[in-house]
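Visitor: With chain F held as given, fit chains Y and D onto it using these hints.
Residue numbers (the numbering used here), protein chains in the order written: chain F, 1 to 176; chain Y, 1 to 568; chain D, 1 to 358.
Bear in mind the hints are in silico, worked out from the structure with no lab data behind them.
We put the CB at the ideal spot given by N, CA and C, even for glycine.
One should not assume that every hint holds.
[What the hints assert, rightly or not] Chain D regions said to be covered by chain F (calculated; three or more residues, Cβ under 8 Å): (1) 50 to 60; (2) 76 to 86.
[Said to hold, decoys possible] Some chain D residues judged to face chain F by a derived CB distance under 10 Å, without partners named: (3) 4; (4) 7; (5) 35; (6) 111.
[Said to hold, decoys possible] Lysine-lysine pairs mimicking DSS-like chemistry, simulated, CA-CA at most 30 Å apart: (7) F:108 - Y:154; (8) Y:396 - Y:406; (9) Y:244 - Y:327; (10) Y:145 - F:171; (11) Y:327 - F:102; (12) Y:316 - Y:145; (13) Y:159 - F:93; (14) Y:156 - F:111; (15) F:108 - Y:407; (16) Y:327 - Y:436; (17) Y:407 - F:105; (18) Y:327 - Y:247; (19) F:111 - Y:162; (20) F:171 - Y:162; (21) Y:159 - F:155; (22) Y:396 - Y:413; (23) Y:436 - Y:407; (24) D:62 - F:50; (25) F:23 - F:6; (26) Y:356 - Y:316; (27) F:108 - Y:159; (28) Y:244 - Y:532.
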Amino acid sequence: MAIIVKRPKLKWWEQLYLPGIVKGLAITASHFVATLTGKKKVTMQYPEEKWDSHLPDHYRGAPALVTDEQERERCVACQLCEFICPPRAITIKPEEIPSDDKWAKVEKRPKSFDIDMIRCIYCGLCEEVCPEQAIFLRKDYAITGTSREEMVHDKKRLYEIGGVREGLVNKWNELK
Amino acid sequence: MSEDLLDVQIDGVWHQFPKGTRMIEACRQAGVEVPHYCYHPKLSSPGNCRMCLVQMGMPPRPMPGQDPAEPDEDGHLPISWMPRPVIACANTIGPNMGIRTTGELTESCREGVMEFLLANHPLDCPICDQAGECSLQEFSVEHGKGSSRFRERKVKKPKNVKVGPRIRLDDERCIMCSRCIRFMDEVADDPVLGFTDRGSHTVLTVHPGHELDNNYSLNTADICPVGALTSNDFRFQMRAWFMKETKTIDTNCGTGINITVSARQGEIYRITPRQNNDVNSDWMPDSHRLNYHWINSDIRLTEPLIKDGGRHRMAKYQEAIITTADKLRNFDHSEIAIIVSGRMTNEEMLMARLLKRTLNVKDIDIIPRRGESDNYLISEDRNPNTNGAKSVLGLKDPGASIDALKKDIANRKIKALILLQEDPLTDGAFSAEDLKPLEFLVTSYPLANPTADLADVVFPGACWAEKSGTMINVTGRLQKLNKAVDGPGQTMAPWEILRDLIQALGGGNGIYSSADIFNLLTKEISDFSGLKLEDIGDQGIPFLDTGVTLPLVEREKARIAKGEIVGV
Amino acid sequence: MDWPYLIASTVKIVVFAFMMILPLVALSVWAERRVSAAIQDRVGPNRVGPLGLLQPVADGIKFLLKEDFTPNHVRKGYYWLAPALVMIPSLLTCAVLPFGSSLFGEKMVIADLDVGPLFVFAIASLTVYGIVLAGWASNSKYPFLGGVRSTSQMISYEICLGLSVIPLIMIFGELNLGRIVQYQAENGWALLPLWGEGLSLKGFLLAIPVFISFIIFTTSMFAETNRLPFDLPECETELVAGYHTEYSSMKFALFFLGEYAAMIIGSGLAVTLFLGGWSLPFGWLTPEEGAAVPIWQGLVHIGVFFAKVIGFILFFIWIRWSLPRFRYDQLMRLGWVFFFEIALANVILTALILMFVK
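Okay, chain F solo, but in the shape it has when bound (with noise of 0.2 Å):
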């Protein structure tokens, strides 16, 4: 059903455009005036003025692994995030953690986490998929490399920018 658009009747000085054409002018000088003068001022000169201290608690940046406490790595190589990942990004090798480690009645941990940073899209399904609490997007948005491979975060970086995480579910504690 399409909706029919009445159009209004111009009356005769309206039809001219003229008035029409000068407050468009007088509306654009407004605003170039208030700019000049700065009135008015959105943009942020980026290298010099930086998001970092104005990021809202929820921003998504770069996805990283988080530590907790206790110093064990939260990620158990469940790999429900290379499962849910979009673009791909994430490649997980599992292992199993050997019967000397503190930690060995978690059983199971990623031997490799790679995160393919040229990929990623920051949509942050990891952080929503993640059973453990072990993947969170960290307010780092400046990701650079010289190359491919050094876009593309192993564990070590990625625990590196995750850092320790403190008043997690500590579910794993409880075993045995």
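Guide: Here is chains Y and D on its own, set in the frame of chain F:
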């Protein structure tokens, strides 16, 4: 109405089933899935998980002095529903029975059972190999509460127990379905598993002084509905949802066990048996199941090799084919012999037969490979397609002419040998001295091997998981082999090598796929005439009458006849 | 051979065309970006040089260093010719513009022709060949459509442009742009007849048709230079980039610069015809015709001319970032149904005023 068919109403719809059908099977045949854990059609039904509770009803029994109920216009009697549920797995249907798999009673029963099962179940899913194919996960989503009311501490039980060389047990995950115990007892005849302790402290364990080391032990991990029993081999390797599953057959012996190959990104992660009641039921031996690691190993041949001045060099496939054809032309047809492998498909054997015709060669045979039958599923014949060799190559007694061939080579009557998909030096069928007098030797094999060392031209041949085709097992069943992964490097399937060799020697033949060769088979070989590749299906078709039977399948048929198991 | 004349002309060409107009082109590109940014509350290019003033240099280097790509499917010869055909007429027209009174006894105009406006129209109308050629030689649908649109648009508005100037020529009785400016300097600008002979009833009455002419002239100038709101030949939303879709690197730059050069010349012409060219208002510092002018006065006049031109360019930019694009049929209607008739009537009105008002 036939005598032994009974009227049963399932979820309001009337069906007919043979007398003696279990309620759960009747529901399944009617297209209604009744959730269950302990019930397995190939095992006895103890009815201990209580998951399959359904509401049942029978025609009302008239009170004394009351008239019996009148049937409705379709001849069905009214149903009076029982206030208490019954298990569907161990009860058989009765005349005019009603089954409700939905409704408040059934649903609340399932919810309750799920709540009990989950009360002590650990939240291990992120590290559990069963996750993604776990009945507990599936049914808790479908029938569970969605939240836990359990505020107490969960019972701690042994975790990560090595119950056998190939199996790991996690007792906390176990839901006491006893499928594994029954399997080891009834099918593998090695009853080493059992429950100890009582109540919520019940644990599955191996009998003291025993180990779960039977050659069929990994089947317990397959039938375990949760992640209590897991395979050491597959443990933490890959999650279930990543893998691409290919239905194919096992080639370790003549049984041709139906299997599913699970692979991701060209790498095989596990092999599981696939149900085929005429071949392997639901089972397969561990030795066959675990014999796949070499497929993705470093010792694979990836490039064709040509011997130049005593040393092998890597070559392009096309060059290797041309070199082989050129060299073969230097020999008289009576100086050439072909040995193919009993591990090759019917299609490949046909191509070998065509090569034999092109070269006008007299000698063609396969290398026999025999072992001992284990009286379960492993056949004496360790070649998966000996019957194919009989049928396609027309060999009366495959492998009989190998000794004569050795003599001919020693006498220099045979100067060139085409040896496909075999490594007889390792197998012991030939010794290096046997092959030494040869002037020209072509081999193909998936792995680097000592025979290839002697060869003038070596092709990297695709292994069973990298090609498609058909094979005939010991019972004479024609089954399909399907390609699961791509071969590494310039690996070629034997049929491709043979086709290109024939082409280089004699011209084009218009064959582009294994299916094309099957069409050729139906024209060339009388046994195959009239067959279509589509007709074979996933389960194969009876093809030859060999009179050979498989012990495990025969025993199972006997148990079905006795009514011990359902067996569908 | 008249060597002093040749030398003087060469110096004037080099100084005016290459040292004033071309830098002004670069500057107007910068101004376009900065002004549009300010209008839209943005910052604009501010990194290269002070206030980003060296941005045009950076752009130029970029254009020069980019791959000069010629697609396979184009007609090579015409494809190469087109950008030059757009740039050259724009620069040629500046020959007759008086950009100052005189300096060192030399008239500050490259060619002191007696048919100034006619020369300008004759040469400026050649630009359309460049665009048509570009559209056709590109051998691709969007450039072709852009070329077709451009042709009809430019031909249509050339008529209005020409007709709108006729009243002025009738008033001035003169086709030499230098003398037109001199006349305005003495007797009031065409749009601002507030001194000299202009300060009379006739002068005020004549301001009416002149104003109408001015509006038609300016609007037609927008259309002639393919500027918004009449940039239909290259409107991105419909035609990707119109006639220069297939062009890259320096050849694209020539189109781009040609457009700005045309804009500057157009502004120069409007300033000369309507706003008294190099003259200051109220007859200040107006030299006698043919009289010697002190050097400082000559420089002031050049400055005044360029100040007016720059003001006009800013007006161009301001309009561009305020008004939306016309639809093609609206454009044609405006040209043929309104401006053409109004311009004709305007000629008659001027004639009547000149005839009856003494």
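Visitor: A separate judgement is required for each hint: does it hold in the structure or not?
Guide: Now for the hints, and whether the structure bears them out:
1. 50 to 60: The restraint on the stretch 50 to 60 of chain D is violated, since only 0 of its residues have a Cβ under 8 Å from chain F and three are required.
2. 76 to 86: violated (count 0)
3. 4: Given a least distance of 47 Å, the restraint on residue 4 of chain D is violated.
4. 7: violated (44 Å)
5. 35: With a minimum Cβ separation of about 7 Å from chain F (threshold 10 Å), the hint on residue 35 of chain D holds.
6. 111: Constraint on residue 111 of chain D not satisfied, violated at 36 Å.
7. F:108 - Y:154: holds (21 Å)
8. Y:396 - Y:406: holds (19 Å)
9. Y:244 - Y:327: Cα-Cα ~42 Å, so violated.
10. Y:145 - F:171: holds (21 Å)
11. Y:327 - F:102: violated (64 Å)
12. Y:316 - Y:145: violated (62 Å)
13. Y:159 - F:93: Roughly 23 Å between the alpha carbons, so the hint for residue 159 of chain Y and residue 93 of chain F holds.
14. Y:156 - F:111: holds (28 Å)
15. F:108 - Y:407: Status violated; Cα separation ~58 Å.
16. Y:327 - Y:436: holds (17 Å)
17. Y:407 - F:105: Roughly 63 Å between the alpha carbons, so the hint for residue 407 of chain Y and residue 105 of chain F is violated.
18. Y:327 - Y:247: violated (40 Å)
19. F:111 - Y:162: holds (22 Å)
20. F:171 - Y:162: Distance of about 24 Å is within 30 Å: holds.
21. Y:159 - F:155: holds (28 Å)
22. Y:396 - Y:413: holds (23 Å)
23. Y:436 - Y:407: Judged against 30 Å, a Cα distance of about 12 Å means the pair holds.
24. D:62 - F:50: Distance of about 28 Å is within 30 Å: holds.
25. F:23 - F:6: Holds, because 24 Å separates the two Cα atoms, which is no more than 30 Å.
26. Y:356 - Y:316: holds (25 Å)
27. F:108 - Y:159: holds (13 Å)
28. Y:244 - Y:532: Holds: residue 244 of chain Y and residue 532 of chain Y sit about 26 Å apart, inside 30 Å.
In summary, the structure is inconsistent with hints 1, 2, 3, 4, 6, 9, 11, 12, 15, 17 and 18 from the numbered list given earlier, while agreeing with the others.
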